[in-house]
Each structure stands twice: as structure tokens, then as C-alpha cells.
Amino acid sequence: MNKDFIVSLTKYYRKFRDKDKSPEVFVHFLAVLALKFIQETHEKPYFTDLKASTIKSIFSIWNNLSQTGTASRLDNIIEILQEENSEIFNKLFQSVFFRKLSFSESDVDRDTKLVQLLEDLEGISFGNTLKAVEENGSSIGYLIEKFTEESFHKEGFLYTPRSIANMMAQMANLESNHSVYDPAAGIGTLLVQAAKVGKLSENNLFGQDIQSPYIELARFHLFFNGIFNASLEVGDSLSKTRSTKRTYDCVLTQPPFREKLLLPANPRDFLQPLKRRKRNLSFAADNNVSGPVRMRRQSEHLDFLTQAMDSLNETGKAILIVPHGLLFKTGVAYQIRRKMVNNNLVEAIVDLPPHVFYSSKINAAILVLNKNKTHDNILFIDASSLYDSDRRRNKIRTSHSKQVMDAFRKFATQEGLSYRASQSEIENERNNYNLTAKRYVQAHERIPDVNLKELMNEIESLEKTLSNIQDRIKTEMASLVK
Numbered sequence: 051m052n053k054d055f056i057v058s059l060t061k062y063y064r065k066f067r068d069k070d071k072s073p074e075v076f077v078h079f080l081a082v083l084a085l086k087f088i089q090e091t092h093e094k095p096y097f098t099d100l101k102a103s104t105i106k107s108i109f110s111i112w113n114n115l116s117q118t119g120t121a122s123r124l125d126n127i128i129e130i131l132q133e134e135n136s137e138i139f140n141k142l143f144q145s146v147f148f149r150k151l152s153f154s155e156s157d158v159d160r161d162t163k164l165v166q167l168l169e170d171l172e173g174i175s176f177g178n179t180l181k182a183v184e185e186n187g188s189s190i191g192y193l194i195e196k197f198t199e200e201s202f203h204k205e206g207f208l209y210t211p212r213s214i215a216n217m218m219a220q221m222a223n224l225e226s227n228h229s230v231y232d233p234a235a236g237i238g239t240l241l242v243q244a245a246k247v248g249k250l251s252e253n254n255l256f257g258q259d260i261q262s263p264y265i266e267l268a269r270f271h272l273f274f275n276g277i278f279n280a281s282l283e284v285g286d287s288l289s290k291t292r293s294t295k296r297t298y299d300c301v302l303t304q305p306p307f308r309e310k311l312l313l314p315a316n317p318r319d320f321l322q323p324l325k326r327r328k329r330n331l332s333f334a335a336d337n338n339v340s341g342p343v344r345m346r347r348q349s350e351h352l353d354f355l356t357q358a359m360d361s362l363n364e365t366g367k368a369i370l371i372v373p374h375g376l377l378f379k380t381g382v383a384y385q386i387r388r389k390m391v392n393n394n395l396v397e398a399i400v401d402l403p404p405h406v407f408y409s410s411k412i413n414a415a416i417l418v419l420n421k422n423k424t425h426d427n428i429l430f431i432d433a434s435s436l437y438d439s440d441r442r443r444n445k446i447r448t449s450h451s452k453q454v455m456d457a458f459r460k461f462a463t464q465e466g467l468s469y470r471a472s473q474s475e476i477e478n479e480r481n482n483y484n485l486t487a488k489r490y491v492q493a494h495e496r497i498p499d500v501n502l503k504e505l506m507n508e509i510e511s512l513e514k515t516l517s518n519i520q521d522r523i524k525t526e527m528a529s530l531v532k
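Residues 51 to 532 (my numbering) are what the sequence shown spells out, left to right.
Quick caveat, the hints were computed from the structure, so don't treat them as lab data.
This one's a predicted model, so the numbers in the text were calculated from it and none came from an experiment.
Worth double-checking, as some hints may not be accurate.
Claimed, not checked - With a straight-line cut-off of 27 Å between C-alpha atoms, the simulated DSSO-like cross-links for lysine-lysine are: (1) 411 x 452; (2) 71 x 53; (3) 53 x 69.
Claimed, not checked - Restraint-style ranges between C-beta atoms, simulated for each label pair: (4) 119 x 422: 54 to 64 Å; (5) 70 x 306: 24 to 34 Å; (6) 394 x 445: 29 to 39 Å; (7) 140 x 70: 20 to 30 Å; (8) 364 x 492: 28 to 38 Å; (9) 392 x 58: 50 to 60 Å; (10) 134 x 311: 35 to 45 Å.
Glycine is no exception: its CB is placed at the ideal position from the N, C-alpha and C atoms.
Let the hints inform the model, and build the full structure from the sequences given.
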């Protein structure tokens, strides 16, 4: 990440927004920045379909800064871009209308503020090489993350930290022709990392989120990372009426941590074909509870765990960030764990460090589900201590991620870090389908061999030394009394 580049952009954005911290103002800031991006990268393998006259019009904005009519000129350029390449620009700029942009009454004139922003951005550069452009474009993701922290944390929105998203993408073992879907796409971090790690075709990236502001930011996030044709849609991915028969090679997602959205209302329906799923109250299944158990009433919506499994093809992987409670709680969570283990779907569990999400101290883990496992073992990785403390949230550094990924690839027991467990170990009475990594890793840490004879000799020696010291103290005390 280019820190100087981000510091400059942050300063210019704060000057532009003044006291208005609304998503509308931030999106318009990103839109101006996107025009600057196009201006500087049109000769690189990005926007080859754009006419020379369009590029010239973008240059003219900076060549002829005027205090009047700037908003109209910006809107006209965007209209031209949408006409020439609607697949990229229609959705990217769909909520951008500079002529409708308004600030509070105490703010200066809109065009004057836009001219000031254009003058500020004239002094920045995305770089002369493709590598520099990619680095600086990627850095804008940091700016988007900071905005979401400030604006959406009160709504319970938690974006996926880049380090965790990168690990999840690596665990997916992606190939360039694989398709990836995120049903809770947020600001698109997981899709960006999937594209980078797997070198995926952007036509194989699919995301959906029920919140329109998140998808708007996700489109810009992907755009500045050179991803222009991913499919990002606003909508309820859990609605049965929206479900399709399309399946994907991988589902990468961080769904909301609320159990009603994460887990099925009726555990008996989990992993069942749609036509066999019950719609009424159900009895408990595959548990040790005698008698009927009243479940939540099934609604017309699915849940994220079911949606993830329904969205996979026959050899697909689903990698989710889940609250720690899913790994050990009783009730519905317990029954779902039994089904996942008994159907040999769980490939790995990674316990994450505490407080890795901004404004939330909830404990979470990475759950790796694989429909194409070739063995019945599960790898547990305890990464709960792999972080650097920070005031805002704990940070997982590159060195920490490397430790986790080395353990994941080796898929073997490593003292204090990982444990490869058989299915019978997980099912036995002691563990009873508990899937917390710490439980297995700590329980199987090697106890060092102890030479009892040497230990006894050392104890005797220490006791003699202590006795001598006590005798000397008594002698000194006696001399003081005299």
C-alpha cells in the first residue's frame, strides 16, 4: 500500500466533504477519482474501447478549470462514458449526478468545491508503470474501508479485513477458470482478493448484497483494482424467489453473525434437496434430546449456510467467517455441526484472533467446507494468538498469515498451532462434535519428557540450599539480639 498516496487522498476527501460525511458525497469523490484513473491509465490495457475524443474530454476538465458549469461538464463526461461502454460505466456511475450534489447551507458553492477537488487531484499520479497503477489503485480500497468504518459500523456492518480475505482466497485453491460467489458481498474485499490470488477472469466474479450503498462502494473497489466486468447486484440473496439453478466453484463470504440469518430454521432441512425441505415445525433429528423440539418457523427466506451449500457445484468449496458460537453451542448449531461432520464436508477450522473487526470484539473463525474431500480428517488451526495489538482493532500481519497458510497446506499436526483430527475423534463422547480449534490444538500439545531421577536430585539440592540459608539467617538474627 502506498501510504503517501493514501494520505494525500484522505486529505483531499476531508477537504471536499467538509462537514458532510454522507455516502453520497464520498461516492462523488470516488467518481472524480475514477475519471482521474481513466485519464492516467487509458494507454494501459484497461480502456482500449474508449474513443480518443472521450479521453480528450476528460483531459479538458483539468486543462480548463472553471468556477462555473463544472458539475454539468462532469455529468456530460459520465454520460459519454456510459454510452461508449455501458457494461462498465452504467452501474459504476448509476447514482452519480454532480448537478444534484448539494452541501449544507454553510458550505461554499458546489462548483467551487468541485474545482478545488480537481485542482487537488491534478497533483496526484497513479504511476507510470502498470505495477504502480495496480498498487495505487489497490490502495484506494483502504480509503473505502476507512469510510465504511466511520459510516456503517453503527449498522452492524463488519467488512472483512484484507489479510483474512487473502487467506480465505488462498484456502480456496482457486484456478483461473473458477467462478466465485459472495452472497453477502459488502464492499467487495473477498472478491478482490479472489481475483488477485486466483488470477480469475473478472467475468467469473459474482456478488450480491441487500444494501445498495455497499454494492456502490464494492463497484468502485473492484474498479480501482482493474476489475471492470464482475457481476455485482443489489438484492436479497436469501430470498427463495431470487434463487437460481446457477452454481459456482467457490463461495467466499462473511455473512451477518446473527444466527437467524446464518443457520436454517429447521436443521432437518440442511443439505436436503429443495423439494424435500419442510415448511412447518419439525422434530429434532440426530441429537440426544428425547421428544419433539420446537424450531423457528420456516420463512420464505433461506439462510446463508444453506445458500452457500446450494450455490456450490459438485466439487465446490465454501469458505465462511462464522461466529465462534457456531462451533460449540448446543441446539440448532449442534445439529448443523453433526450434519456437516457426518457428511464429511468440514475440511478445516481456523480460530481467528480476538477483536479483528473494527468496532466489534466478537470471536470468529474461518470455516472451510469442501464437497470434494478425499479423506475424512479435519484440520484445526489455532491462530488466536497470531496478531499485533492495535488501538482500533488487532491486526493480522503477513508473517501471521504465512504461518496459518503453511499449516493449512501441510495439513498436519504442528505443536501449538494445528491438529489433524480424525472423524472418530470429533464424534467421540469427549468432544461430541465441538469444532473449536483451540480445544484440539491445546489438548494435543506435546508434554516434554521428564527424567524423574534428575528432578528428584534437583529438588534435594534446592532443599539443602534452602536449609543452609535458613541456618545462616537464624545465626545472624541471634547475633543481633546479643
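Hint-by-hint comparison with the structure:
Only pairs whose Cα atoms come within 27 Å are accepted, and residue 411 paired with residue 452 is accepted, the gap being roughly 24 Å. Pair hint residue 71 plus residue 53 holds up; C-alpha atoms about 22 Å apart against a cutoff of 27 Å. Distance restraint check for residue 53 and residue 69: the Cα-Cα separation of roughly 24 Å lies within the 27 Å cut-off, and the hinted pair is therefore satisfied. Checked against the given bound of 54 to 64 Å, the beta carbons of residue 119 and residue 422, roughly 59 Å apart, stay inside it.
For the hinted restraint 24 to 34 Å between residue 70 and residue 306, the CB-CB distance of approximately 28 Å keeps it satisfied. Under the hint 29 to 39 Å, the C-beta atoms of residue 394 and residue 445, about 35 Å apart, fit the expected range. A C-beta distance of roughly 26 Å is found between residue 140 and residue 70, which places it inside the suggested range of 20 to 30 Å. Under the hint 28 to 38 Å, the C-beta atoms of residue 364 and residue 492, about 36 Å apart, fit the expected range.
At roughly 55 Å, the beta carbons of residue 392 and residue 58 sit within the given window of 50 to 60 Å. Judged by the Cβ atoms, the range 35 to 45 Å given for residue 134 and residue 311 holds: they are separated by roughly 41 Å.
Of the numbered hints listed earlier, not one is contradicted by the structure.
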